[in-house]
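Protein chains: 2
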Amino acid sequence: MSFFSIFKRAARPGQAPAASAPVGEVLFVGAGPGHPDLLTLGAARAIREADVILHDRLVSPEVLDFARPGAALIEVGKTGFGEAIPQEEINARLVAAARAGGRVVRLKGGDPCIFGRLDEEIAALDAAGLAWRILPGITASSAAAASIGRSLTRRERNAGLRIITGHDARGFADQDWRALAAPGAVAALYMGKRAARFVVGRLIMHGASADQPVSVIENASGPAERVSAGRLAELPALTQACDGPALILLGLAPHPRVASDDQANLALSDFPFLTDLLQEA
Amino acid sequence: MSFFSIFKRAARPGQAPAASAPVGEVLFVGAGPGHPDLLTLGAARAIREADVILHDRLVSPEVLDFARPGAALIEVGKTGFGEAIPQEEINARLVAAARAGGRVVRLKGGDPCIFGRLDEEIAALDAAGLAWRILPGITASSAAAASIGRSLTRRERNAGLRIITGHDARGFADQDWRALAAPGAVAALYMGKRAARFVVGRLIMHGASADQPVSVIENASGPAERVSAGRLAELPALTQACDGPALILLGLAPHPRVASDDQANLALSDFPFLTDLLQEA
Chain A
1 MSFFSIFKRA
11 ARPGQAPAAS
21 APVGEVLFVG
31 AGPGHPDLLT
41 LGAARAIREA
51 DVILHDRLVS
61 PEVLDFARPG
71 AALIEVGKTG
81 FGEAIPQEEI
91 NARLVAAARA
101 GGRVVRLKGG
111 DPCIFGRLDE
121 EIAALDAAGL
131 AWRILPGITA
141 SSAAAASIGR
151 SLTRRERNAG
161 LRIITGHDAR
171 GFADQDWRAL
181 AAPGAVAALY
191 MGKRAARFVV
201 GRLIMHGASA
211 DQPVSVIENA
221 SGPAERVSAG
231 RLAELPALTQ
241 ACDGPALILL
251 GLAPHPRVAS
261 DDQANLALSD
271 FPFLTDLLQE
281 A
Chain B
1 MSFFSIFKRA
11 ARPGQAPAAS
21 APVGEVLFVG
31 AGPGHPDLLT
41 LGAARAIREA
51 DVILHDRLVS
61 PEVLDFARPG
71 AALIEVGKTG
81 FGEAIPQEEI
91 NARLVAAARA
101 GGRVVRLKGG
111 DPCIFGRLDE
121 EIAALDAAGL
131 AWRILPGITA
141 SSAAAASIGR
151 SLTRRERNAG
161 LRIITGHDAR
171 GFADQDWRAL
181 AAPGAVAALY
191 MGKRAARFVV
201 GRLIMHGASA
211 DQPVSVIENA
221 SGPAERVSAG
231 RLAELPALTQ
241 ACDGPALILL
251 GLAPHPRVAS
261 DDQANLALSD
271 FPFLTDLLQE
281 A
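As you go down the protein sequences, you meet chains A and B in turn.
First residue of the first sequence? That's 1 in the UniProt record's numbering, and the numbers climb one at a time after it.
First residue of the second sequence? That's 1 in the UniProt record's numbering, and the numbers climb one at a time after it.
To be clear, the hints were calculated from the coordinates, so they are not data collected in a lab.
Predicted, not measured: the structure shown is a model, and the values here were computed from it.
Check before you lean on any hint, since a few could be wrong.
Unchecked claim - Anything over 10 Å on all C-beta distances counts as not near chain A; from chain B, calculated:
#	residue
1	P61
2	G70
3	A71
4	E89
5	A92
6	R93
As the list claims (entries may be wrong) - Stretches of chain B that chain A covers, calculated by requiring three or more beta carbons in the stretch to come under 8 Å of a beta carbon on chain A:
#	region
7	31-42
8	113-121
9	134-140
10	148-155
11	158-172
In this text, a Cβ means the ideal position worked out from N, Cα and C, and glycines have one as well.
If we strip away everything but chain A, and leave its shape as in the complex, we get (with noise of 0.2 Å):
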């Protein structure tokens, strides 16, 4: 069976790099945003392939399932408000696992190039001269305008989408409010659940209604997504209910369907299908 390796300068899967090969290359992949098959093709094969997987606290156990035996996994993340490994020991845990000449992916939730810090984990790459590159996945955007049966982008309401922050280094993020406020904006708050007073306040200010309508998507794709909605004013007790990482998307209502069938949550399937087959070749 074809298996071809995604790694350019790979051996074959399960076997140990060549005393040849030369230090390891890192490529970014992106988890997409929890439900295994929102996973990319190319992300299972580098999952499966690898010889080291630095991946976010977030990274769901399905995801990981897909790691070969023996690969070492750890956990580099970073959720939330809690315990935080400092941006800089995972570069340096980084650039030492690809030193070390393994194949080596650092697997983010999402899109690593939405709100990854890449950058950042790229330039301590380049500064040690290692080669690097980046698959990308299924943002949390996507997945929850999936789960609420809406388009981000709608012909005569709005030509542009928006995809914020609700935290910057320096505290909650400042944003165009006065854009974002306008009839017809929708944009996707990402880690907004603390800063969700905040933001209201800051649309209410620069002439949003207080009418218009939110939804809150938590664990969106995942068995515990949960789908709440209500008006902008709501914004802040719908958070306050979350126990997850939460999608807001300001603008957008779920489709009437969504409340009423389980429409919400994706339940594609059960997920056998392609951890079998790896299991198999």
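Use these hints to put chain B onto chain A, whose structure you have.
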């Protein structure tokens, strides 16, 4: 071998729907930017199980290869400015296919929730009383960012990203140019080739520097991927050289290594992996 159906009401793949089967379900599936390694596991399965696949013209042949022999592949797209099947006709075909009881995949390039006119097709299914779900896909901006080796967001630079279109129902799309012209702003411009001169004019009029970096990613992730880059004022010339679909990243220059080696093209590998496995199944 386990091969769970991704369609709720469907029989096992390859079997005709039972006589008692209710009318079909439509899965809106994101085909991603083109490279089959960027297809999700769920999308690969949905395409494999479908009886009927209505697909955009831009969906790559390698992705359509996942369809099983005997599936009906119907092109209903819609490329740039060429001949197009009217949206009403697409809606009608979708409804007819689902009413006939088949497992129907509506396969859209990228992510169906971003510039895919998804709400219009959902409204047609709702009016006909038909069930649907959405499987998100990798949108072009994620693939383009990966190809130029840059994060779309960066602490201290931009706490938000704009996803905008060059065209809407009325012609060149209007945007919040003032916000887009701000220093550090990053935007992904879809369908921006013809609108390039208009966009550059608006941005400069609203205070953008003519020297800010832009990257043009043609056929992102595909075998004909090409990255060109320059200053904002050069954007119209850069896009004129493009034949294929192009994604424009405003405010981002490619990572220096992208120009110097094969970083630019994902070139993940050949991709017989899952296709082979499916054929063995």
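Checked hints:
1. Chain A leaves B:P61 outside its interface by the beta-carbon criterion, the shortest separation being 16 Å against a cut-off of 10 Å.
2. Under the 10 Å C-beta cut-off, the non-interface status given to B:G70 relative to chain A holds; the minimum distance is some 20 Å.
3. The non-interface label for B:A71 is consistent with chain A: the shortest C-beta to C-beta separation is roughly 18 Å, beyond 10 Å.
4. Non-interface call for B:E89 relative to chain A: holds, since the shortest CB-CB distance, roughly 17 Å, exceeds 10 Å.
5. Listed as outside the interface, B:A92 is consistent with that label: its C-beta sits roughly 19 Å from the nearest C-beta of chain A, beyond the 10 Å cut-off.
6. The Cβ of B:R93 lies farther than 10 Å from every Cβ of chain A, with a closest approach of about 19 Å, so its non-interface assignment holds.
7. Counting residues of the region 31-42 of chain B whose C-beta sits closer than 8 Å to any C-beta of chain A gives 9, which meets the bar of three, so the coverage hint holds.
8. Note: the region 113-121 of chain B has 8 residues with beta-carbon separation from chain A under 8 Å; the three-residue rule is met and the coverage holds.
9. Counting residues of the region 134-140 of chain B whose CB lies closer than 8 Å to any CB of chain A gives 6, so the stated coverage by that chain holds, three being the minimum.
10. Look at the region 148-155 of chain B against chain A: 7 of its residues bring a Cβ nearer than 8 Å to a Cβ of that chain, three or more, so the hint holds.
11. Counting residues of the region 158-172 of chain B whose C-beta lies closer than 8 Å to any C-beta of chain A gives 9; at least three are required, and the coverage claim holds.
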